[in-house]
Amino acid sequence: MSSIKVGSEMHELGKRLFPINRSLTGAGVRETLSILKEELPALEVLSVPSGTQVFDWVVPNEWTIHDAYVLNSQGERVIDFQANNLHVVGYSVPIKETFSREELFKKLYTLPEQPDAIPYITSYYSENWGFCTSENHKNTLPDDTYEVVIDSELKPGCLNYAELIIPGESDKEVFISTYICHPSMANNELSGPLVTTYIAKWLMQQDSLKYTYRIVFIPETIGSVVYLSKHHEHLKNNVVAGFNVTCIGDDKTYSYLPSRTGNTLSDKAATHTLRHLYPDYKSYSWLDRGSDERQYCAPGIDLPIATIMRSKYGEYPEYHTSLDDLTFVTPSGLEGGYIALRNAIYIVEKDFIPKMTVLCEPQLGKRGLYPNTSSKDTKSKVAAMMDMISYCDGSMSLLEIANKIDQPFSKLYPICEQFIEAGLIEIFKEK
Amino acid sequence: MSSIKVGSEMHELGKRLFPINRSLTGAGVRETLSILKEELPALEVLSVPSGTQVFDWVVPNEWTIHDAYVLNSQGERVIDFQANNLHVVGYSVPIKETFSREELFKKLYTLPEQPDAIPYITSYYSENWGFCTSENHKNTLPDDTYEVVIDSELKPGCLNYAELIIPGESDKEVFISTYICHPSMANNELSGPLVTTYIAKWLMQQDSLKYTYRIVFIPETIGSVVYLSKHHEHLKNNVVAGFNVTCIGDDKTYSYLPSRTGNTLSDKAATHTLRHLYPDYKSYSWLDRGSDERQYCAPGIDLPIATIMRSKYGEYPEYHTSLDDLTFVTPSGLEGGYIALRNAIYIVEKDFIPKMTVLCEPQLGKRGLYPNTSSKDTKSKVAAMMDMISYCDGSMSLLEIANKIDQPFSKLYPICEQFIEAGLIEIFKEK
Amino acid sequence: MSSIKVGSEMHELGKRLFPINRSLTGAGVRETLSILKEELPALEVLSVPSGTQVFDWVVPNEWTIHDAYVLNSQGERVIDFQANNLHVVGYSVPIKETFSREELFKKLYTLPEQPDAIPYITSYYSENWGFCTSENHKNTLPDDTYEVVIDSELKPGCLNYAELIIPGESDKEVFISTYICHPSMANNELSGPLVTTYIAKWLMQQDSLKYTYRIVFIPETIGSVVYLSKHHEHLKNNVVAGFNVTCIGDDKTYSYLPSRTGNTLSDKAATHTLRHLYPDYKSYSWLDRGSDERQYCAPGIDLPIATIMRSKYGEYPEYHTSLDDLTFVTPSGLEGGYIALRNAIYIVEKDFIPKMTVLCEPQLGKRGLYPNTSSKDTKSKVAAMMDMISYCDGSMSLLEIANKIDQPFSKLYPICEQFIEAGLIEIFKEK
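Protein chains in written order, with full-length UniProt numbering: chain A, 1 to 431; chain B, 1 to 431; chain C, 1 to 431.
It is possible that part of the hints are untrue.
For chains that are exact copies, the list does not tell them apart, and a pair is met inside one copy or across any two.
Computed cross-link-like contacts, DMTMM-like style, restricted to lysine to aspartate or glutamate with a CA-CA straight-line distance of at most 20 Å [as the list claims (entries may be wrong)]:
1) K107 with E169
2) K376 with D288
3) K236 with D143
4) K15 with E39
5) K5 with E38
6) K411 with E39
7) K236 with D171
8) K376 with E113
9) K106 with E39
10) K355 with D56
11) K429 with E153
12) K230 with D116
13) K236 with E169
14) K107 with D67
Calculated directly from the structure, the hints in this document are not laboratory data.
Can you build the whole structure from these sequences, using the hints too?
As structure tokens, then:
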């Protein structure tokens, strides 16, 4: 499970994906998925036509944007979509018209409290148009007449997403979802597809997997509604755990957002991981939700989806601005997020109910299960070992035992494997 | 559910009832019930003969008092029952005898630490007599001979109580009990019958009621034992929630006393109400009990009866003295108690298990369920709405959801009604 | 249940047992058991041959030691097993050989941080030999040649233990275990067999017992494994509660070590007892275990065994040294431990589920159940009585009620007996 250079590799891939103008639909999503397919050839790209009814929603029209800019009276591009795709409000309808400065400013969004940042704005479900720029830049625009040009199309097309199935021994599934619908921003969202891609690579490198892994790259909200409308029965019957992957690439903190019930295997794996990796991690409540868990955990859907993040969406100043870029998201930040998520998935994959095969404490010396050397470290290992086996009565999973004795699962599992080999522990029942 | 002037109306009615010399039995109880019947014509007044065995108890003789006083050697009434009915120990047997000051003082009860207050004393179950006065007044009585006259009768008669049934759609009942056995004191007890009377009026004004409401006015302890001896099987099978109404008219605080188990619907409705109405409310334990919940929640009776109070009996200095009068109990104090109790009953009446009819989050915009204007207030309303529907999975009642998302039930219920109208929520199961 | 002089009697018996050189096996154990049999004639002494397979273990060879000493070049005994049996490492194999001071020191164990104390060392499961002495004494040994003599035998024999069955009305059993395998140390271990002996005497003095009591004196660890290998099915089916008795004779504190699950009747009786006896008692976790509960509570054995101690093994400086002697263990220390354990056993023996036979509160006055005099003390007794009966609904045991109303079981049980006599409470169901 070595992760050497994984952080840098993810960051490099991020540089390729960053400039693409993703949105809910359109060429940017397709280009993104095609690059991800280079990394994961088994990835299958799918589409759903605009207008399809999906539960209470309808798949929107496809948005295409060729160019967009604001010209001053000298014909200079004072705002230019080519320079930064955040400059145009997402899903802007076409326009070509001349405005006074005052009129232009009514359609120009800035963040006065972050004067260097271009905000990210969309208008998916009501027809509109607009430009975004930094407060500082806006203040340089003189009294003038401005020609506004948005060369876009909003018409029936399709919504794209992609799916990767990694088969395991069981039909039971682990579900991993991430989204690919934001233009040039790095923590929310590029870190999600980057870490998910490398988690998929790691899973495919394993000799064998207990569970089948279902990994999807979708546009947020409408994409998860689309996916659920096709697969919710299957998912409800088969998914044992899962994670929504987002905001997992900066260096500031670690965060956890629970599933709706908060007590699924995913929640237990996530909180166990973070408690041992970064005890000061920030724990949010279901009431702080805001991403695809809103659909995955909705009443009647009820999937066990938890979220491990670094800085949570909405909680860091760079969120949804041009400052959320590949300096905010770093190789080490991505690697930390990757390791945390991978460890939670490792727990899901490996957890089982251990049961001692002998009565009373076993004699470990004759089996070479005692460390040969004696040090503070080996004493603590022996204590963990004896504490662990004292709970192997077939009523608790190894993860539950790890929490009970306050030891990391990743330390206990290899010890448990030695005991299985020695015939002292058996698998009581697949979880 | 407007309560304008309800406080003043209750206080006015209190002025009429205050001077009556109530006791466990006798003319005072009958006069009180007859005035309440003017307010609630459907009220049925009932009686049980003295000597009737009721579980482990026997209905006592009826007490009638015509006059009582202490004359000094000049023939002046130095203590006079006509001036304040607390001056005579309740259930005093007749006497007409002359005593020295020293002898008189042995039968004269005062409160040295509250020298202005006349204490309230009774001797229901052992034959006795006595007078009560203020410490200050006692100290004015000179060395003299005193003629003591109590013109009372204690002989077989009956015990009176009253019952009001307000029918609802269901045979399941909400039980409301209050007591009418104390002479001139206002928080304990007049506030109880006053608020109960106006709760009954409010219930009778409703277009329809889910539950049947059973409201009783009884003498404390022996009255609840009498009532239970007649109806306990019926009550045990039908009562879903209930409240004992007492000490609910002063302005000082709000208090909660749980049912024996502490986790009934009544308890949940009471604590939810008080947490949102007055977060600093005082929460007592079952071990602090002292009124009819002692019978209603007794082993084998097991009714779900909780108590919402303002200042709890035994916990305020005016309790069981002449200072517990209609200056201590105020229109605003009564109105606050009325609103708290009414809100708890409203929760009991309205609570149900909501279940979403669509999968994934619904699109609220197209149904006009989003507020048209956007402000801090509407944002909070939308958040509450989305949090609420995220839990409408048929496993929790609306009250449980309200607690989960920390919103008042009274704010969520109207939103829930809109969702029912829009076909987005259905009633999963009557509670 | 008078315990006058019990502390002194236990301490006197301790003086007789203290000098004996107990070990896992051998003459010292037999001599100890034979003295205990003088106190408890019904005690049955049993044996198991060396080499017997017991679960994952094998009964070790029997160790006999005749003499052991270190001679200096003048032929003087500078270390002498006759002076203190801690001077020889337990289970030392025979040796007769001459060493330099440097060589001797490699086999000489001391405690540099407790320079007056001789440490207690054993080597049960790997063949070895050695001497123990105080750091101060070691420092007096000059450069010299030393003749080391250990006149011991380690060869097939047997392991001894003893069992006492005190029959009760029920086949269900209370199991009490203590160990007799340590040489001259008083808290760990003599206090265990001393208190257990006097608990057995107290049980045999009772007119009748609800439960059958099974009391064993065994060598630690291997003895409990031996005993379980013979009886675990019977114990698992019959034992309702039990205690491991150890470290129960000093004056410093009281301690509690839970069973593995922590919620057995034994745990409840122990914690209730200590909370009322010594609220500052030290509560350990299962992770702090270290005595025979490791076997009794092992997965698949699962006996309800908790431990009440004074200063816990491993937690006091005198532990496993010559300083753990009969000045550290005192008559009052033993008596305190005896009373705590006896009270916990009393709770186990007496607890039952009480149920009121009348509905509503009973009238206690007519039955003389109210105290005749009124004082702060009687008020508190009446409150405890009324609180108690308010919970006698057949759903909770008296111990659970005692915890609920925060009253000592030993205060409630006699009141409960009065109510049973008066016909107001019945035994709902044997626990």
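Hint check:
1. K107 with E169: This pair counts as neither: shortest intra-copy Cα distance 55 Å, inter-copy 57 Å.
2. K376 with D288: So K376 and D288 pass the 20 Å test across copies only (17 Å; inside, 43 Å).
3. K236 with D143: So K236 and D143 fail the 20 Å test inside a copy (59 Å) and across (81 Å) alike.
4. K15 with E39: The answer is within: 14 Å in one copy meets 20 Å, while 80 Å across copies does not.
5. K5 with E38: Only inside one copy: K5 and E38 sit 19 Å apart there, 76 Å across copies, limit 20 Å.
6. K411 with E39: neither (31 Å within a copy, 51 Å between copies)
7. K236 with D171: within (13 Å within a copy, 39 Å between copies)
8. K376 with E113: between (53 Å within a copy, 19 Å between copies)
9. K106 with E39: neither (43 Å within a copy, 63 Å between copies)
10. K355 with D56: between (47 Å within a copy, 16 Å between copies)
11. K429 with E153: neither (56 Å within a copy, 49 Å between copies)
12. K230 with D116: neither (43 Å within a copy, 79 Å between copies)
13. K236 with E169: within (19 Å within a copy, 38 Å between copies)
14. K107 with D67: within (17 Å within a copy, 88 Å between copies)
Violation of the numbered hints given earlier is confined to hints 1, 3, 6, 9, 11, 12; the remaining hints are satisfied by the structure.
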